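Modelling step: build the complete structure from the supplied sequences, incorporating the hints.
Spelled out from the first residue to the last, the chains are:
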Amino acid sequence: MDLINAIILLLNYIFVPALAYGSQLALGAIFVTLIYGILRFANFATGDMMSFGTMFVILFTWYLQSYGINFGVLPTALLAIPFAIIFMVSYMLIIDKFVFKYYRTNKSPPVQLAMVSIGVMFVTQAVVRIIIGPSDRRFFDGEKFLIKAGEFKEMTGLNEGLAIKSTQVITIIVTLILVSTLFWFLNKTKTGKSMRAYSDNEDLALLSGIDPKKIVMTTWVIAGILATIGGTLYGLDKSFKPFTYFNNMLPIFAAAIVGGIGNPFGAFLGGYVIAFSEILLTYAYKKFFMYILPESMEPDGLIQLLSTDYKFAVSFSILVIVLLYRPSGIFKGKVL
Amino acid sequence: MRKNLNVIAAYSIMMGLIILVGIFQSWNIALSIFNLCLISAVMTMGANIQWGYAGLINFGIMGFTALGGLAAVLISVNPVQEAWSAGGANILLSLFLIIGIVLAVRFVLKKYQKTKIRNYVIAAIIISGIIIIRLVSEPGIEAIEEVNPARTGFLGGLGLPIIFSWIVGAFFAGGLAFVIGKVALGLRADYLAIATLLISEIVIAIIKHEDWLTRGVKNVIGLKRPAPYEVNLQQTDWFINLVEKFNSGKLALISDITERQAALNQFVIEGSSIFVKLCYSGLFLVVVIILLILTQKALYSPWGRMMRAIRDNEEAANAMGKNVVKQHLLIFVLGSAIVGIAGAMLVTQDGLFTPGSYRPLRYTFLIWVMVIVGGSGNNFGAILGGFVVWFLWIEAAPIGLYLVNLTTAGLEDTHFLKVHLIESVPYFRFLMMGIGLLLIMRYRPKGILPEKIEIK
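As given, the protein sequences belong to chains A and B, one line each in that order.
According to numbering that gives the first Met the number 0, the stretch in the first sequence is residues 0 to 335, in order.
According to numbering that gives the first Met the number 0, the stretch in the second sequence is residues 0 to 455, in order.
Keep in mind the hints are simulated off the structure, nothing from the lab.
This structure is a prediction, so every number in the text was calculated from the model and none was measured.
Mixed in with the good hints, there may be bad ones.
Said to hold, decoys possible - Examples of chain B residues lying across from chain A (beta carbon under 7 angstroms, computed):
{"no.": "1", "residue": "201"}
{"no.": "2", "residue": "429"}
{"no.": "3", "residue": "432"}
Yeah, the Cβ is synthetic: ideal placement off N, Cα and C, and Gly gets one too.
Dropping the structure here:
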């Protein structure tokens, strides 16, 4: 019985939250990796682009709610996502046309494009803050819990409750659907294959008649979808605040590089690697050991490897270690 | 002379703008803008010698700035004796343990061949070392943080004049840069950018949460000053006489003696804060000029030529027998040390150390905007960038407010759009920075004052 309690404890505090957080990171990381692989620059505007998409979702959610439209037990935001994606994608295409295209056609070094993306970051951040303001916003509605801790305890008669938030389940399911569609698209369709070819060897791809304009456009469309949905899922699960989104850029970069930048599957797994290590290393295991060890050996301290203040630092340290020993990432991305 | 005409023109316009602020807003605001411009100029010089001279991207400026600030605290605050007796021994022991671990790892690395077993041994040394350090330091840290937590709760510093911290801050930042450079400089440019950005976040996390060292988010306030205090100035005779002399024209117009005394008091209060700011300006100006002379000398020396050669063609320089790795490390350390000086100067000027205020947008990306806008590779350009961008950063809100009022003049004051726009005026600075950066990158990629290579 104690063992089951211990497992439920870990599930409740580590596994489920890490899985949800990892999914959110994974979407962002695939976004970074696609831009890096195909457009060939590190996009420092990642976090702000995600907050830009989420902002539209919130605005549409409010609009729908003002007409009394909702999605039953699911959050209204899910209905708003398609509309927001349209705006997000057009914003990205506009930015590409007026900003990035010039440097791409001039074959500027990646560093210059990264600098330009900092300019885009500033502008996007300003636009988001001017339109929706810098404050914390919650836009979740519908049923909050799938399983409540109390109900679970009653149902099973265990000491430990397992609470599963509906946003966590939505996050995981949506991520799985989105990512599998993306991989199907990249591996099976003609456009997807030409995208991979372009990423692999630009000159060869151009020689075989692949239209670079189409590739770039498709990349931005996919990136827009990923950014909007990733940002919305994060906002539903936690809350929407432009500054937090900007900061999320850092673990997202970490996930993309740990997984091997330029490799979407690596980025997907990298998100989970980062999320799990952040939570595993900063969780206080005292209660867990109280269950599995006999009473005489009960620990005094919290048995916490690192204090929760260092949550971010964990992912960055992993990244630094990976960069030093395997710069191409765990799953071999672009060789540097 | 003719060659430098654009430099002189650009700087005169900049000084003119600051003087205009002094005339139309107040001299206090103008001087605080000027002081922060000078500090920004030091930071941009640091970033410029890394990026402009050597082509290294350092997105960790925030971390080096914070280390400089930490130096200011550790040098100037008086030591907290109780805390030292409560937990000092544990902390010192942990320090020795850290040194021991580093030496042990180095020993293993040097002595044995590269095998899997060696990696495991190193990992084992580090992990067991961390566990031992935690066990040793934890009681010490708890004891230190319990000493009068509302006022101290940390070890304090050395109690020396804060000016020394400018040099110590440079050493701190340079030391960190040496470690980062040793491990990360081999990475490709954009990876180096990401790595340094993340490392600087780690530095901030440590400074924020190690309360025994820095008081963390509880902040350290009331640091010593290299300049006199306003309150003291307001009571010294020579200062009052000075203010009286300055404002004698205005004072002569007031006939009533009590009114004149009141007016004089007002002038003294205003004058004292301006005088203090002028003291800082003088100190900062000395630093900027010394650094400018040194960096200019370096730029046109054989060493500077070699750096440019390495930047423009690493392989060719390498083939000519230049040690690229060593030079990159050297310049990374030098640039970061300069940023460290700026960090210490910043804390000196503010008189307080607030770890929570270090954010990448303000201390990393804004500095980069300064370097790019000003002109990378050109010291005068970098300094000008610091001035222009900081000036706009501060004055963006008034300019934005003016623009909003102008464009929405037709709307009523209570119209929701106008109210909303006026509320979001502070964010126009981001818009301005972003658009400015994009325009400069597109139409004048070398900055306002581009780099010029002249053979002397």
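| message | Check the structure against each numbered hint from earlier and tell me which ones fail, lowest number first. | response | Violated hints: none; all satisfied.
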